[in-house]
Amino acid sequence: VLCDYQPRFDILKKVVRAAFPKLPVFADTEDHRPGSFEVILHHKDEEFEIWSKLLTGEPADEMAAHSVAELVVDEIRRAKLCL
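Okay, so the sequence shown: first residue is 1 according to our numbering, each after it adds one.
Quick caveat, the hints were computed from the structure, so don't treat them as lab data.
Misleading hints may appear alongside valid ones.
[Claimed, not checked] Straight-line C-alpha distance at most 20 Å; calculated PhoX-like pairs for lysine-lysine:
| no. | residue 1 | residue 2 |
| --- | --- | --- |
| 1 | Lys80 | Lys22 |
| 2 | Lys80 | Lys13 |
| 3 | Lys80 | Lys44 |
| 4 | Lys44 | Lys14 |
[Claimed, not checked] So the derived label-pair ranges between C-beta atoms look like this:
| no. | residue 1 | residue 2 | range |
| --- | --- | --- | --- |
| 5 | Ser67 | Asp45 | 27 to 33 Å |
| 6 | Lys22 | Glu47 | 17 to 23 Å |
| 7 | Asp45 | His66 | 29 to 35 Å |
| 8 | Glu46 | Leu71 | 27 to 33 Å |
| 9 | Asp10 | Asp45 | 14 to 20 Å |
| 10 | Asp45 | Glu70 | 26 to 32 Å |
| 11 | Asp74 | His42 | 14 to 20 Å |
| 12 | Lys44 | His66 | 18 to 24 Å |
Treat the numbers as computed from the prediction; the structure is a model and nothing was measured.
Note that CB positions come from ideal geometry on N, CA and C, so glycine has one too.
Please work from the sequences and hints to get the whole structure.
Structure below.
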(Lines of atoms letter the chains of each structure in order from A; the text may use other names.)
(Lines give C-alpha, C1' and ligand atoms only; values in the text may rest on other atoms or scores of the structure.)
Protein backbone atom coordinates (compact mmCIF):
# COMPACT_ATOMS: atom_id res chain seq x y z
CA VAL A 1 0.00 0.00 0.00
CA LEU A 2 1.33 3.43 -0.93
CA CYS A 3 0.23 6.63 0.73
CA ASP A 4 1.35 9.95 -0.72
CA TYR A 5 0.31 12.30 2.09
CA GLN A 6 2.97 12.15 4.78
CA PRO A 7 1.14 14.00 7.62
CA ARG A 8 -1.48 11.24 7.72
CA PHE A 9 0.82 8.36 6.81
CA ASP A 10 1.71 7.27 10.35
CA ILE A 11 -1.96 6.95 11.28
CA LEU A 12 -2.75 5.08 8.06
CA LYS A 13 0.18 2.73 8.64
CA LYS A 14 -0.91 1.96 12.21
CA VAL A 15 -4.54 1.30 11.30
CA VAL A 16 -3.76 -0.77 8.18
CA ARG A 17 -1.09 -2.82 9.98
CA ALA A 18 -3.55 -3.58 12.79
CA ALA A 19 -6.01 -4.96 10.22
CA PHE A 20 -3.47 -6.56 7.86
CA PRO A 21 -0.24 -7.32 9.79
CA LYS A 22 1.53 -8.84 6.76
CA LEU A 23 0.60 -6.13 4.27
CA PRO A 24 3.54 -3.77 3.63
CA VAL A 25 2.68 -0.07 3.84
CA PHE A 26 4.94 2.54 2.26
CA ALA A 27 4.92 6.31 1.91
CA ASP A 28 5.14 7.69 -1.60
CA THR A 29 7.41 10.68 -1.13
CA GLU A 30 6.36 12.46 -4.32
CA ASP A 31 3.49 14.82 -3.55
CA HIS A 32 1.15 14.38 -6.51
CA ARG A 33 -1.49 16.85 -5.39
CA PRO A 34 -1.10 19.10 -2.34
CA GLY A 35 -3.59 18.01 0.29
CA SER A 36 -4.42 14.78 -1.48
CA PHE A 37 -4.56 11.39 0.14
CA GLU A 38 -4.18 8.49 -2.26
CA VAL A 39 -3.79 4.84 -1.42
CA ILE A 40 -2.81 2.24 -3.98
CA LEU A 41 -2.89 -1.49 -3.33
CA HIS A 42 -0.17 -3.31 -5.28
CA HIS A 43 -0.81 -6.98 -6.02
CA LYS A 44 1.57 -8.93 -8.25
CA ASP A 45 1.86 -6.79 -11.40
CA GLU A 46 -1.34 -4.86 -10.83
CA GLU A 47 -2.19 -1.66 -9.00
CA PHE A 48 -5.59 -0.89 -7.51
CA GLU A 49 -6.33 2.68 -6.50
CA ILE A 50 -8.54 2.15 -3.50
CA TRP A 51 -8.79 5.63 -2.08
CA SER A 52 -8.28 9.04 -3.61
CA LYS A 53 -9.85 12.04 -1.96
CA LEU A 54 -9.03 15.67 -1.43
CA LEU A 55 -9.21 16.21 2.31
CA THR A 56 -9.93 19.49 4.01
CA GLY A 57 -8.89 20.31 7.53
CA GLU A 58 -5.59 20.49 9.29
CA PRO A 59 -2.93 17.79 8.81
CA ALA A 60 -2.93 17.31 12.59
CA ASP A 61 -6.61 16.41 12.62
CA GLU A 62 -6.17 12.89 13.98
CA MET A 63 -9.88 12.10 14.12
CA ALA A 64 -10.29 12.76 10.39
CA ALA A 65 -7.14 10.79 9.62
CA HIS A 66 -8.37 7.81 11.66
CA SER A 67 -11.75 7.92 9.91
CA VAL A 68 -10.09 7.92 6.50
CA ALA A 69 -7.73 5.12 7.55
CA GLU A 70 -10.70 2.97 8.61
CA LEU A 71 -12.33 3.60 5.22
CA VAL A 72 -9.06 2.59 3.55
CA VAL A 73 -9.08 -0.69 5.50
CA ASP A 74 -12.64 -1.33 4.29
CA GLU A 75 -11.60 -0.60 0.70
CA ILE A 76 -8.60 -2.95 1.00
CA ARG A 77 -10.95 -5.70 2.19
CA ARG A 78 -13.19 -5.07 -0.84
CA ALA A 79 -10.23 -4.99 -3.23
CA LYS A 80 -8.82 -8.23 -1.82
CA LEU A 81 -12.14 -9.94 -2.58
CA CYS A 82 -11.61 -9.01 -6.24
CA LEU A 83 -8.03 -10.34 -6.41
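> So which hints don't hold here, by number, going up?
Replying inline: Hints 4, 8, 9, 12 contradicted; others consistent.
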